[in-house]
Amino acid sequence: MVGYIFKRVLQALPVFFGTTLLIYFMVFAMPGDPIVAMFGDRGVNQAVYEQLRAQYHLDQPFLVQYFYYITGIFQGDFGTSFSGQPVGDVLAATFPVTIRLALMAVTIEMLVGIGIGLFAGLRKGKLFDNSSLVMSLLLISTPVFVIAFVFQFVFAIKLGWAKPTVSGAAGFTELLLPAVVLSTLAVAYIVRLTRSSVIETSGQDFVRTAYGKGLTRQRVVRVHILRNSLIPVVTYLSIDFGVLLVGATVTEGIFNVPGVGRTLYQAIIRGEGPTVVSFVTVMVLIYLAVNLITDLLYAVLDPRIRYGK
Amino acid sequence: MSNETPLLSIRDLAIEFRNQHGVARAVDNVNFDLWQGETLAIVGESGSGKSTTAHAIINLLPGTGRIAAGSIKFDGKELVGASSAELESIRGREIGFVPQDPMSNLNPVWSVGFQVEEAIKANNPGMAKQAVRAEAIAVLQKAGLADAAARMKQYPHQFSGGMRQRVLIGIGLSANPKLLIADEPTSALDVTVQRTILDHLSQLTKASKTSVILITHDLGLAAERAEKLVVMYRGKVVEAGPSLEILQNPKHPYTQKLVAARQVTPRVPHTSTEVAVKVSNLEKVYSIKGSGFKSTPFTAVSGVSFEIKRGTTLALVGESGSGKSTVAKMVLGLEKPTSGEIEVDGKQLAGMKPAALFDLRRHMQPVFQDPYGSLDPLQNIANTIAEPLVTHKVGTRKERQERVRELLEQVSLPWAISTRYPSELSGGQRQRVAIARALALKPDIVVLDEAVSALDVLVQAQILDLLAQLQDELKLTYLFITHDLAVVKAIADEVAVMNKGQIVEFGSTAEIFANPKQQYTRNLLDAIPGAKLL
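One line per chain: the protein sequences are A and B, in this order.
Just so we're aligned, residue 1 is where the first sequence starts under our numbering, counting upward by one.
Just so we're aligned, residue 310 is where the second sequence starts under our numbering, counting upward by one.
Treat the hints as calculated values from the structure; they're not laboratory data.
For every residue, glycine included, the Cβ atom is placed at its ideal position computed from N, Cα and C.
Some hints here could point you the wrong way.
To spell it out: a stretch of chain B is covered by chain A in this simulated footprint if at least three of its residues, at any positions, have a beta carbon under 8 Å from a beta carbon of chain A; those stretches are [to be verified]:
1) 401 to 408
2) 423 to 437
3) 658 to 671
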């Protein structure tokens, strides 16, 4: 197992360097001169311009710039944004908010999605099953910004159950509404996935054998149907968690959540190369980690999968 | 339990399934009694309603199935219409169940120990954890797993088919039930494994005076293992009574056919001097991936040599894992031998150019075991049969259609079937289609890899007849791979017995049956169900 994890981390290295190089190159190739842009309409003094170019290594060739950047990262220095704020500080301020939001959304997806899916699958063709299918179809076909605005209007403005926007502190209760909005689409998919998986597992021979042993229905469902049905659901959930962790631009924007999505969006608009590259680098690392954890989770759920043997 | 009333009494049982067209009656008017300590076998082909009847006893009918009428009385209690709590207390505790397919009947995500302990806990509420574990180990040991304690933590995929079936038998008997329902408990296993497991099962049930309902498609096996037989055909009981009486004096035409199918007329040996396939010193070594970068060589086939004369059949016989299918794959050119030579029609297979191999395939065609897996479900029958012709660019569209018509006739299938899809066909019909496809290119040599093993006895006999007839008409050479010696008599001229990758005995069919020299061959012959009853 340790050997397998080591191998996977080794495999992650070329992915890490490849993606950062690619992102760095794309930002490098963006039109416009970032130093000129910093001074806006006022124009820039030639001496100051040269000094700044040297300070940001912009006078060096591309690969040298990339090298400076990467060595910086390994020393914990993510560079400085053009506003003078260290990018590391920006990361430290925004990622915890997004992680909190993502954890809340995934928890809702798990409880609601698997719960409804299991119930619907066990009652295939009954009223509950059919209405949950219709509901999930409705959610899947509604764009997230529509859901966000409707929820914001109904629950925050009309009913006053929550604040319409999130403050800088981004506390648990404030994040609840955006978390619910973020989870809706995934809940709809998970209901369908769990439902079909439960129906398939229920028809398996070992389920009949379990009843034949004299087990109660409750135990057969809990021990034999649910666990086997969860394997595809876990895959979907962990991919979704990865997606949520790198920020939800639209939802964060609508609810004014000071998270990764909104910050990155603003950085791209302003052409802030170091910020964009650093954010994307961290996102790549998160994706790689989530993927590895998903694969390890498989082995926990399904003993037929054993790594490193 | 007095001896006046039977343990299980089924009266006027009818079972229905709902489908798009309404309600279909799968089982109708079934009556039988089973007394304490008795073994009763329900015999019939697939779809006869034998499994459905057995599942109905403990209300485990699949899907839309339900009991439409009748009564099932067990130990004085009426089971039809019983509450789910009542049924749960009877399942496992009073009626044990051993399912058919050991591969799919254990939950792959739980350890074997867990699944045995679970059954014990369900039927002994309040038993201490340590006691449950000790009981589970005892149950598995009784079922024939010697190293049970060490294997409790292992998962089903780490067990062989035979071992899994032992686990399932252990689970079925774990609560000392009064009745055990065994649904084709060994049909997925090798004949030799089948025999050990059934011997063991009857030992256990005899010792505990457990009654057994044995469901099987094999009349010989049923007669050998059960005192009483119930023969089912199309959802109805067509004949019932003492086993030997039915075997010796079958009354219903269906039973008569079943009995006749067991009395194989040995074939008149075919001979020839011309060699069609020559295999010499064949060896195949696989490397099994071990931990880290190590891999261990595994010799699947070693030192195998034989010749098949033109127009004759060589049967390659052995248990699973004996290497017989590997030989077939190498002869077909689907696997490369590690060393040794294969000569087909005088041409060396090794070093053959892809184009030459493509040409060779016109002369040599395979038929595989599983008629469900070997036909493309999205192609209709005409396209399936015509595919080799298209691949080898034989004839025009019209000529190909004509050839498909001719082939369907040869395998005794109606032309109307050509526009149907595999899912609409029975197992026997599918295997006929597979044979038609193999014959499309007019090959000289056909490699039949367990081609009749998945079929019901009567269908098996029909397909064997068809194969023999085609062989005579078209002067075909067969390499016939099977684990079942019972079918060899009907089709083979010579037999090669394989064990652990080597040919241990070779001879004419009559010789092998009359005078087997190796203990291994004798074991295989003894394991044929009901061999002694004929």
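Check each numbered hint against the structure and report the violated ones by number, ascending. 3
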